[in-house]
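Residue numbers (this note's numbering), protein chains in the order written: chain B, 1 to 212; chain R, 1001 to 1109; chain V, 2001 to 2270; chain F, 3001 to 3488.
A portion of the hints provided could be inaccurate.
Derived DMTMM-like pairs: lysine to aspartate or glutamate, alpha-carbon spacing no greater than 20 Å straight-line [what the hints assert, rightly or not]:
no. : chain 1 : residue 1 : chain 2 : residue 2
1   : V       : Lys2171   : V       : Asp2217
2   : V       : Lys2171   : V       : Glu2144
3   : B       : Lys178    : B       : Glu34
4   : V       : Lys2092   : V       : Glu2113
5   : B       : Lys2      : F       : Glu3049
6   : B       : Lys178    : F       : Glu3049
Derived from the structure by calculation, the hints contain no laboratory data.
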Amino acid sequence: MKWAAPMAVLGIVVLVAVGTWSLFPRPEVPPWEEATAVWGAENAVAAIVLGARLWDTLFEILVYAMAMVGVRLVLRPLWRTGSVPPLAETPLLRRAADVLLGPIVVFSVYLAASGHLGPGGGFPAGALLGSGLLLLALAKGADRLGGELHEPALERGEYGAIALLLAVGGGVLFFGWKGGSLCVGLNFLIAVEVAIGAWVVLHQFTRTRGEV
Amino acid sequence: MAACALAIALVGLGFWTLIRRRNVIWKLLGLNVAAGGAILFLVAIAHRPGAHPAIVGLGPGPTADPLPHALVLTAIVIHFATLALSLVYVIVLTERRHSQDVHKLEEDR
Amino acid sequence: MGTILLCALTLALAVFALTRKRLLWGVIGVGVHSLALAGVYLFLAAPDVALTEAAIGFGLVTFVYLLALRRGGRLVVAATAAYPLLYPDGEKIAGLEWEILSRFGRSLHRDVEILWVPRAEIPRLLSSAEADLAAGGFLPRDGERALLSSPLVPTRLVIVRTGEGPLGAVKGDRGESHLPPNGRTYEDHEALVRALARGELGGAVVDLLRARQWLLDGRLRDAEMTPLEDVAFRFAVAPAQGETHAALEEFLRDLSSTGELGRLVEEHLR
Amino acid sequence: MTLAIGGVVLYLALGVIGFLVRPQWICGVLAILAGSVSLALWAPGFPEEALGGGGWGIPVAGDPWALGMWALALVVHGAVLLHERARPGAFHPVLTLLVGSCLAAVVSGDLFNLYVTLELVSLLSFILVGYEGQPRAVWAGLQYLILATVGMTLYLLGVGLVYGKLGTLSLSAIAALGRGLSDPAVAIGAGLLVAGAAIKGGVFLFGLWLPPAHGYAPTGVSVVLSAVVVKTGVVALARLAAAFPVGPILVAIGILTGFGGLVYALWERDLKVFLAFSTVSQLGYILIGLGLGGQALLGAILYAVAHGLFKGLLFLAAGQAIEETGEREIASLVGRLSWPTALGLAVGTWAIAGLPPLAGFAAKGALTADLSPMARAVLGALSVGTAALCARLIPLLRPGPKGTASPGGVTVLIVSLVGFGLWGFLRLPGLLAPGKWAEAVGEALGGYGLYLLLRRVRPPLPRITLDRATVLALLGATALVAGILLLG
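Pulled out of the complex, with its shape left as it was, chain B reads as follows:
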């Protein structure tokens, strides 16, 4: 079966290349301006993600949330019973965390708020917030920070955010809610949910790895 692997990969690559060849030249893009305006947004991508194809986005949020549930379920038995060894906090890391945390939070709030007007949106904002939280964990030590951000409350917060998202989604789907403020609300909910999810994953990893 020596020849099988290269043949398989090459087959896929060649076939997709042949298919792509006949795609060019690319046809004209259908007009999207008024469809975007209907949803009260200026960024067409945000209008699609939060308006026209909100049904996809709801499922995607569920995929993300359930992955975090899976991570929590699997890693709980592996937690290190001993005390989490302290983190070697170098002054550079501590200073960097203090300096950077402000801009990160401001930028992610800006991304979430202006998601429907310019590039941005709930997902990058949430991921940025999650990375910012991890930077905080690197600087202050995951255990102390974990203590401050009470873990079960975070979990309930995440489930609450998802339930709220499903409710608002239901509203948009059935009662035809539209408008810019709706986009901002959805974006913030997604950002909160993604940020908590990212923090849970990173926190769970640290509990099984000793300090970060």
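Since chain B is already given, all that's left is putting chains R, V and F on it; use the hints.
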């Protein structure tokens, strides 16, 4: 056109690593690159020569197709979620079987 | 034009990342590759996707890989007691090899756990990956399937002759391959030196370090040694753990380059 | 349309709320109630409507596939709830979300929405397969996820090609365009889509992850996996077959799946992996019916539902048997089962062999109603093979001394099997003809003969490893796309 070629190359490279490497984390890295290639393929399809982003008020001229961009946003997040979960399962297996070598993990003791 | 250049750079980064030997470089390479990919998205007029790819693809994915990579838990070492290299000293463990192993464990953020096993058990533990490393005056026999580290302490294999009678050696040790047909094997060095002291054996094939230690402790009185071959004590890594082996090699290189290894050898084997 | 989507949103919301409510299984019961009310309201199906506006909206349709799968999913979820009542922790919320996402997957008529729902389905089943954390189940789950991601990467490439050329994601619009497979981009895109869905659906050459994943999963999980989750892959293939003219390719895949699964099942020792392989071979049945289209399509839907019922029953009984005796090998389980487990196995085997009164017979009758003799011969050979598989289970049916298993879940499935069989008799006139009965009994006896013949033969079957499964999946995809190119 160059982006499409890059996408196809990434898919091939990713699948090749997935098959050849024996360590499971290397396989996941290869899979990561392959899925990134497929996502880039979607964005490359949406691109028009000389286009600016599909945002109102950026002036005349051709714009890129916004629909694949929305699809790709979803695909990236989904791929990260599946990746995080499979990495966690790799950790569980490493704790139990002390090895990340795929032949070792496949022995059904 | 810019797109083509950036695409070429992205592909080069991906090929670089996926052809590395060490997993750490692979992960960092893929991280930088996905950053370049975000740049390509900017050229393709997709700012939303670029932001998401940068935040999630580069930020979170690399974090998750790095955290998964640092395989926590224990670095399991299968070892035989070998004063002054690696020996249980009351509650604690001490010796030259212990100093090296504990530093290596800390660099991998894993706490080292020693399994005191007879020498013959070590190959089985390594191949079944129940142990990551083998230590404690480990002299590799030819045919042992293990990844060997660079030599730690050079030594010599000697025949210790105390009188008439058959030669003895520890089962599984390098000395055993030099035994004449009527030679006898023992579980560990302790049993070997007791048999020598009782006179059951005429001599033993052992490494110079242990022989000198026996003389210093006064367990052997008049014994003359004939050198056999030059060998060196090394660490052995489980065959499936290419990753740990590469990390160990790099660690030993740094240790000897900073002269730390020489200082430790001086301090323990003066 | 609003009723169905409302039902799904309610199902998912109840699943999420299940994490917060203390007696977790309450959320399951409420979800099933909501689902059945929603199903009752939109039962005769609803025309296709775009969710979220015309241009970019997601078309959602309620056709016979959706109807059959919703009914099957609700019944099986009820049976598993009865069986796994005492399971603490996050099992029931995740199970409810899994069934909810299956409901959404079978209703959707949009290329990318299929991708998202199938991804949620595979992620949730991946969590449930590794729920108890034994290394074998975790490895089966990891293998499943890696192959599912490979499948979905191919699927995304297919979406890129098809959307690039045709400009729409809605399956009905693509069918309406009727461009067929003349254009290479559409042909290769369709091939990649079918390959991705085949890998996800656990078809023989492509989805070799299915047997270990279903075999080593906990009892309740393997029931839902084999009865409902596998069907979402099949429904995705059905949707693609409706949009692109890929009928003959699906028939070829169906034959390959049918006989491949059969060969591996005949010599598999582990009981649940044996049942998983027989699931793979039954998929072949459905795919052949799907590929032929027309009257056979209705037969395929009926068979999918019937298979869900009796395979669910078999897995439930097998799970109980393993929990009682602690043994997994078929040989060592003989004569040690309690009466409810033995009864469940007996009824399941009777139905899967396609013997008269039960659902298997009714569905097979519908499937082979008016087929070309060649197709009928292939299906006949397959059912003889299936009967041979059932013959392997016969020695297990003698009930042992004492019964500890709770008959709850088993009875629900038995009742629904008998009900389905009787409904089949009323609706499909052709079933009462003596010719059909004789044919069914003949196949069963032929199967028993085949079993006696093959008992001593033990061919060395290649072991399925992750690398080999990946290479086979990619090779299968390449061959499939090349086949479609030649077809076009």
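Right, here's what the structure says about each hint:
1. V:Lys2171 to V:Asp2217: The given pair, whose Cα atoms are some 23 Å apart, is violated under the 20 Å limit.
2. V:Lys2171 to V:Glu2144: holds (14 Å)
3. B:Lys178 to B:Glu34: Status holds; Cα separation ~14 Å.
4. V:Lys2092 to V:Glu2113: holds (12 Å)
5. B:Lys2 to F:Glu3049: violated (50 Å)
6. B:Lys178 to F:Glu3049: holds (19 Å)
In terms of the numbered hints stated before, the structure departs from hints 1, 5, listed from lowest to highest.
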